[in-house]
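Use the sequences and the hints to build the structure in full.
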Amino acid sequence: MTQTLATRRPWLVRIALVLFLAAAVHVMAIWAAPRVIMAVLLQRLPGTSPDTASGAFFPPAVTASSRAVVMPSPDMLYSICLIDVAQGPVHITAHPELRSYWSIALYADNSDNYFVLNDRQAGTRPVDLWVVPHDASPVRKAAPAGATVVVAPSRRGLLLMRVLTGNYTVEKDVLEKARRSLACTAGPV
Amino acid sequence: MAALLLGLGSAWWVLKKATWMNRAVSVGAWSTSLEAGSARANLYTRAVVAMNGLLALGSQETMYFVARADDTGLPLRASCSYRISGVAPAARWWSITAYADDMFLFDAPNQHYSLNATTAALDAQGRFMLATGQKETPGLFWLPTLGDRGLVLTLRLYNPDITVQKAPASLQVPSITPLGNCA
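Heads up: the protein sequence lines correspond to chains V and E, in order.
Residues in the first sequence are numbered from 1 upward in steps of one, following the working numbering.
Residues in the second sequence are numbered from 1 upward in steps of one, following the working numbering.
Rather than coming from a laboratory, the hints here were simulated on the basis of the structure.
Quick reminder that beta carbons are idealized off the backbone N, C-alpha and C, glycines included.
Hints are not guaranteed to be accurate.
Not everything, but these chain E residues come out facing chain V in the computed CB check (under 10 Å) [stated by the list, open to error]: (1) R92; (2) H112; (3) L122.
SDA-like cross-link-like pairs, simulated, lysine to any residue; straight-line CA separation at most 20 Å [claimed, not checked]: (4) E:K16 with V:V70; (5) E:K135 with E:G150; (6) E:K16 with V:R67.
One-sided excerpt, in silico: chain V residues whose CB lies under 10 Å from chain E [stated by the list, open to error]: (7) R9; (8) A23; (9) V25; (10) I30; (11) A32; (12) R35; (13) M38; (14) S66; (15) N113.
See the structure below:
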């Protein structure tokens with residue numbers, strides 16, 4: 001009667017099974033890491049209520065006590081919006097009116113940066129963006145005149161506006177006005 | 001249980017210790033990921049960036065060069081002093097920031113967390129110079145690095161020149177030189 005590998009070398013099969021399962025766990029952990037980190041961030045960022053008028057968060061200038069996200073840049077003032085297109089598009093407006101660097105970046109729930117607009121690209125025009133779900137109908141993906149439509153690859157995500165601050169103490173009034181021009185509101189296109 | 005421990009342990013090791021899995025270019029003591037923040041990033045790059053530099057921007061917008069060792073290859077320590085010098089990088093705006101090995105800022109008593117294109121004083125050759133360490137080095141801009149732990153330096157280039165975007169290795173990176181003896 002022919003013996004199988006499992007009966008002749010049971011330990012070999014056990015080791016192979018452990019290695020196979022370990023490889024599967026490894027890949028799943030690597031895949032899940034950015035998603036889990038983003039989910040935690042979306043849950044706890046920024047730890048306070050958003051501005052009721054704009055729907056955006058305006059965290060204080062970065063210091064050593066800024067520990068919500070790794071590698072905070074002390075050279076940037078941030079504005080944040082939590083994006084959720086499950087119920088429909090999110091309308092984003094801003095008018096920083098700065099001659100120095102600023103940008104508005106959108107991140108998916110796996111941490112990918114899927115859209116960015118900076119001061120040079122925007123020029124002197126106010127920012128007028130519509131973030132729509134990827135399964136939105138063509139009608140809902142159609143932008144109003146002058147607006148830009150961005151298709152979100154995931155239901156939930158994050159908007160991060162960066163405003164350059166070379167010297168916050170000196171530039172505070174201008175920069176705070178610029179970053180607080182951001183508003184994120186839900187509404188139909 | 002063994003498979004679970006092995007799988008999770010190897011994943012942690014890859015993300016924290018084997019950053020070579022992340023597609024990167026090294027220039028001197030500095031290295032930069034080519035796909036940080038990008039939807040083109042592979043599984044490992046996306047995870048490494050999420051753990052060490054979440055919410056990064058793509059290279060057209062910002063390039064991040066990271067140094068964890070000095071020019072001689074020795075790991076950077078917060079308890080040691082270093083002189084960092086170089087020419088202003090080819091970018092619209094730049095900054096050098098000192099982070100502790102947990103990737104958060106040091107509690108700097110002088111509120112200096114970075115040297116940047118706005119605050120840097122360039123000499124006649126267009127070079128800047130700064131020092132990190134526990135104590136101020138006379139005559140040099142001081143980034144305090146308190147405690148006895150690892151030190152990570154990050155050079156950010158905002159809207160880097162197209163030549164640097166296409167060939168990151170062409171960037172003239174700042175030198176990182178130990179000051180004095182450091183055990």
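Cross-check of the supplied hints:
no., hint, result
1, R92, "holds (7 Å)"
2, H112, "holds (9 Å)"
3, L122, "violated (14 Å)"
4, E:K16 with V:V70, "holds (14 Å)"
5, E:K135 with E:G150, "holds (17 Å)"
6, E:K16 with V:R67, "holds (19 Å)"
7, R9, "violated (18 Å)"
8, A23, "holds (7 Å)"
9, V25, "holds (3 Å)"
10, I30, "holds (5 Å)"
11, A32, "holds (9 Å)"
12, R35, "holds (8 Å)"
13, M38, "holds (7 Å)"
14, S66, "holds (7 Å)"
15, N113, "holds (4 Å)"
In terms of the numbered hints stated before, the structure departs from hints 3, 7, listed from lowest to highest.
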